[in-house]
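*Asks:* Here is what each chain is made of, one letter per residue.
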Amino acid sequence: MSCRLRLLRPPTKEYHEARPRDTRASKGDALALGPTLLPFWASWYSVDSGSDVEDRPQNVGGSRLGRPRYTVDEVIQEFVVESCEGLDRVDRDLVRLEQDPHDEGVLRAIFRTVHTLKGTCGFLGFSQLHALAHAAENLLSRLRDRRVQMRPEIATALLQFVDACRRALIVIEQTGKEEDVLDVEALMVSLRQLSDPAAEPQVPTPRSPEPPAPSVSQAEMRPSALPPAETSPPAPLSAPSAPSASSASSASSAPSAPSAPAPTFPPAPTPVPPNIEPHLSAVALSQDVKAQRASPSTAAPGLDALPSAGGVESDSNGVGTESDVGSEAEVRSERAAGERAEWTSTLVDTSIRVNVPLLDKVMNLVGELVLARNQAMQSTSYQSDPIMQRLGRITTELQESVVQMRMQPIASLWGSFPRVARDLAHSCNKKVQLRMEGNETELDRSLLEAIKDPLVHLLRNAIDHGIETKEVRAAAGKSEVGMVILRAYHEEGEVAIEVTDDGAGIEAARLRATAVGKHLLSRAEAEVLSESEALNLIFLPGFSTAAKVTSVSGRGVGMDVVKTNIENIGGSIEIRSEPRKGTTIRIRIPLTLAIIPALIVRSQTERFAIPQSALVELIRLDAERAVTVVEHVQGVPLYRLRGRILPLVYLDEQLGLCSERTSEERIERDGITIVVLQINDQPFGLVVDEIFDTEEIVVKPLGRELRGLRTYAGATIMGDGRVGLILDASGLAEHARVVAAHDRVATTDAQAEVVGSASTEALLLFTGPDDARMAIPAATVLRLENVSPNTIERVGGQSMVQYRDTILPIVMLEDVLPERRAEPRTGVSLVPADGLLRVVVCDVGGLSFGIVVCNILDITTVDSSVRRAGGRVGVMATIVVDGRVTELLDLDRFAAEVRAPRGFSSEVRHEL
Amino acid sequence: MSSRQLCVFGVENLRFGIHVAEVEEVNRRYDMTRIPLASDAVAGLINLRGRIVTAIDMRQRLKLPKVEAWEPFHIVAKTRESSVSLLVDYIGDVIEVSEDAFEPPPETMREATRELIRGIYKLDQWLMLVLDLDRTMAFGAR
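Here the protein sequences come in this chain order: Y and V.
Just so you know, the first sequence maps onto residues 1 to 912 in my numbering.
Just so you know, the second sequence maps onto residues 1 to 142 in my numbering.
Honestly, the hints are just simulated from the structure, not real lab data.
One or more of the hints may lead you astray.
As the list claims (entries may be wrong) - What follows is a set of in silico ranges between Cβ atoms, one per label pair, in the way DEER data are often shown:
hint : chain 1 : residue 1 : chain 2 : residue 2 : range
1    : Y       : GLU531    : V       : ASP132    : 38 to 44 Å
2    : Y       : GLY635    : V       : ASN13     : 45 to 51 Å
3    : Y       : ARG586    : V       : VAL26     : 44 to 50 Å
Quick reminder that beta carbons are idealized off the backbone N, C-alpha and C, glycines included.
My request is simple: use the sequences and hints to build the entire structure.
*Replies:* Here you go:
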C-alpha cells in the first residue's frame, strides 16, 4: 500500500509576507525614503515576475536616479569649465606678469595653461582655437626664452587672446561646435608679429591704442554685480550666444570702430571710450536682464534649456529693439555686457568645483541630520506634527541631493570606453566586442576619478595583450570576435569591477621566465612561486611580457601603477587567468561613508541591518504552513524556492545568540521568516525572528580591532540612537559555510582534467549501494520523497511510482551504473530501517524523475572546478567532499535512461 | 624634570592612569550594542554623538573574574585611529606625576596585566600602572 510521507506533496506556492513595501506603507510618510529606495523594489518586482536574477541590475538601473549618461557633450562641458578656469588664472597671471615681467613662475603657469588649452582643442577638433592657442603659445615661449621682452602690447594681445578664447568657449558650450565666428586672423597676425623678436622696436600694432583689456573687462564685469543681475542669477542664462545678423551689421556700421579686431562678434576691447562705458553697460544690463526675465524661454534654468542658435538670435533681437533708443555704441556695449553677464552665470550655474573635504563634511553632517531626524521621528508624538513631517521631507531631499552630489553611475566613466575599445581594436587589427554590465553601479565621484585611468589601462591591456588576432582566434576554435566584459557590482559593501577577456590568457611559466629575464627574480625564486603568485608578477614595476612594444601597451609601465592607484584608494586588485581561455582582473573598492538602504531585522534581542544590495526577497511562513514546507535533512532546514533548494541559516545560531530549540521546534512554534540573500549566484535563506523596515543607514566602519569579524560590514546608528550592526551577507555565508571560503585556494591535481570554470556549486550528497558517496547538483533537486517499495511498479522495463494522478519515473542507481548492480547484501541496505525508499526527485531539462538512493546525507557547497573527469558511464566527475571521494552523477545519463530504459533489473524487482 | 597629568581609574585593586590628553569623556551609562562573535574583551558598540566607538570590558581584557550586576564607568579615550571606551570599576582623580617616578613594568607582573601597560609610576602611597591604549586594543578575535 502507498505510504506517502509528509514530504510528498504538490509544489507549494510561496507565501510572501512582510514585504518591505507593506511595512513601508504602514509607516506612511514618517520615514519617507525617496527614490534611492527604488532599486530595491525594482529588484523585488523583477524577482516576482520570475525573471532571471541576472536581469536585476538592468531593472535596478532603470529606476535609478535618472541621470544623464556621460556623453561627448559632457566632455565638452568639462573642457569648457576647465578652460574657463584656466583662462581666469591666465587673466590674473598676465596682469601680474605685466607688473613683474621677470616672474618666471607666473610665466610658466601661463604657458602651461595655454599649452593645455591648445592640446585639448586639438584633441577635440576645435581647429581655430587650436591655431590661436598655438600662436599664443609661440609668443609665450619666446617670452620664456627671453627672446622677446614683455611689453604692454604683448600683455594686451595675450589678454585679447584670452577674451577671444572665452567667446569661442561660450559658443562651444552652447552649440557644441566651434562656429565660424572667431575672427582669429587679426589676433593671430598680431600674436605672430609680437613673437617676432625683430619686430620689437616697432611701433605697436594698430590695436595697441585700445584700452588694455583688463580695464575693459573690469568695467564690464562690474555691472553684473548690480542688484538686477544679483537678484536673478539664473535669468541671463539664455542670452545671445551666436552673433546675429543684426549685431554683425550694427557692429560693422559702428562709426567709432575703425579697426575692431573681431567685428563680427561682440568685442571685448570695445572702441567705446572707457570712461563712459561702465555707465552705459550698467543701464544696458539692467534692460537686458529685464528683457530676458520677460522672455518665457529663459525661465527654465540649466544647460538643457538653452535655446538653439535660432532662439538666441531672436532673443538678441528683442534686446536690440528694446534699446533702440540708445546710440549704436550703447547697443554694442549693452551686448557686450549682457554677454559677459551671461557667460559668467552660465558657467557658474552649471557647475562649480567644491573641494572634497568640504563635500565630505557636508555629507557627514547630512548623515548626522538623517540620524537626528530618524530619532526625532521615533517618538510618536511628533509623527503627526506637520512641522516634523516637513522636516523629514526636507531632510530626505537634502540627503538625496548630497548623495547624488557625490555619487555617479559608473556608466559616466565607461561612456568613452566603447570608443577606446573600438579604436584600439582597429589599430591592433582585431575584432572586439565590449560588453558593459552594471552600468548603474554607483560610486563616489572621487573614487570614480581615481579608477578611471587604471580601468582604461586594463581595458587596453585586455584588447592589446589579451584578445588574440582574428587568425589566432580562428585557429584556436574561438569566435573571431573577442569579447571584453566590464562588470561592476556591489559586493560585501564594496564595489567590484571586473575586466574580463576571452583572449589568450596568461601563462604563469612565461611570467616566471620574464621575471627571471628581467632580473626581477632569481630562477630559484621564480620556481617556487605558485600559479597565483606568478600571475601577480605582472604587478611588479617594469614588468611586461608583450612580445613587442606597441603604441598602446607593452612598455612595462602600467600594471604596477594600476595596482598602486587602486591601493591608494583602499582597494585591492586580483587577477585570474587561464591560458587560452582568458583573463579576469577584479578590482574591489571599499564603499565607506555611504548612506545605503538596508533592511532592519531582529534576531533574539538584537537588531541588525542587512544591506539591500544582497537582498533578493523576503518570505514569511506561519507555523502551520512552515511545518509542511520546510524540510529537514539531519536537522538542517531546507526550503524549496521555486523548485530550487534554498539552504536555511539561522542568524542567531550563526552569531552564537543561543537558541535551545531545534529548527523543527522553532518552526512549529513560530513559523519562519526568511530573508533570501544572494552571494555569487548562490542564494541562501537567513532566518530571522522579525523584519522591521527598510531604513537609510549611514555605514560606519568598525574599529580596527573588530575588522577580523567578517560577518559584519560595519555599524550604523539606528533610529533610536543605538548602534546597530550591519551584516555582511558574504561573510555570513562563509561563516555558515553556505559558500566556500573566499580565499580558499583551489589545488588542482596536475593530472586531473579540469572541467568547467572555477565556481562553487551546491550539491546534494547521498549514499548509493556499498555506502558509496554520490552527489548531484542541488539545483536540479525538486523534492526528497520517502516511498514504500510496494508502490513502485514496473511498466515496460521502467520503474515508476504513482503520485497525485501523475506518474513519476524512477531510476535505480544500478540501472545507470551497471557495476553498482546491487548485490543481495547491498540490496538490503537500499531499504532503510523504516522500510521506505529514499527518492530524490530531480528535474533535468523539464523531465522529472526520481532516483532511489540509500541515504540522504547533506547539502554542501564545493568548488566544482576541483574535480577529475568521471571514468564511468553515468558519472560526470569525481570530486572530494569532506575528505571523501564522491561521484558526481551525470544526470543527463539518468534522464536518457528514463526516456529509453535499457531494460529490466530483475534483482531489484525481486527486492521490491 | 617634566611632569604630566594622568587620569586615574581602577579595575578591581589595580589602579591605572592614562594621559589626560587621551581622555575624551567619562560617563556612567551608554546604550551598548553587543557584537556577537567578537572577542570577550569587546563589551559592545556605543554611539558617542554620532561616532561609533568600541567598548572594551577591562575586566575581561585583564582576565579578571566577572562581576555580577557590574555597573562600570566608561572612559572614552582617543587612540591613534579612533576612539575606544574602557569599561572600568571606578574613576579617580587627575593627578600630576613626575617623569622620574616612571619605571618599565617588572617582568614578574602577571602577563595579562603587564602586556597592557607601558610602565609604572611610583607614587607616595601606591603604584600607578600606565595603560597602553594601542596594546589594549590589540586583541585577537575570539
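*Asks:* Evaluate the given range 44 to 50 Å for the C-beta pair formed by ARG586(Y) and VAL26(V).
*Replies:* holds (47 Å)
*Asks:* Starting from the hint 38 to 44 Å, judge whether the C-beta atoms of GLU531(Y) and ASP132(V) obey it.
*Replies:* Given range 38 to 44 Å: holds, Cβ gap about 43 Å.
*Asks:* Is the distance from the Cβ of GLY635(Y) to the Cβ of ASN13(V) consistent with 45 to 51 Å?
*Replies:* holds (48 Å)
Violated hints for the displayed structure: none, as all numbered hints are satisfied.
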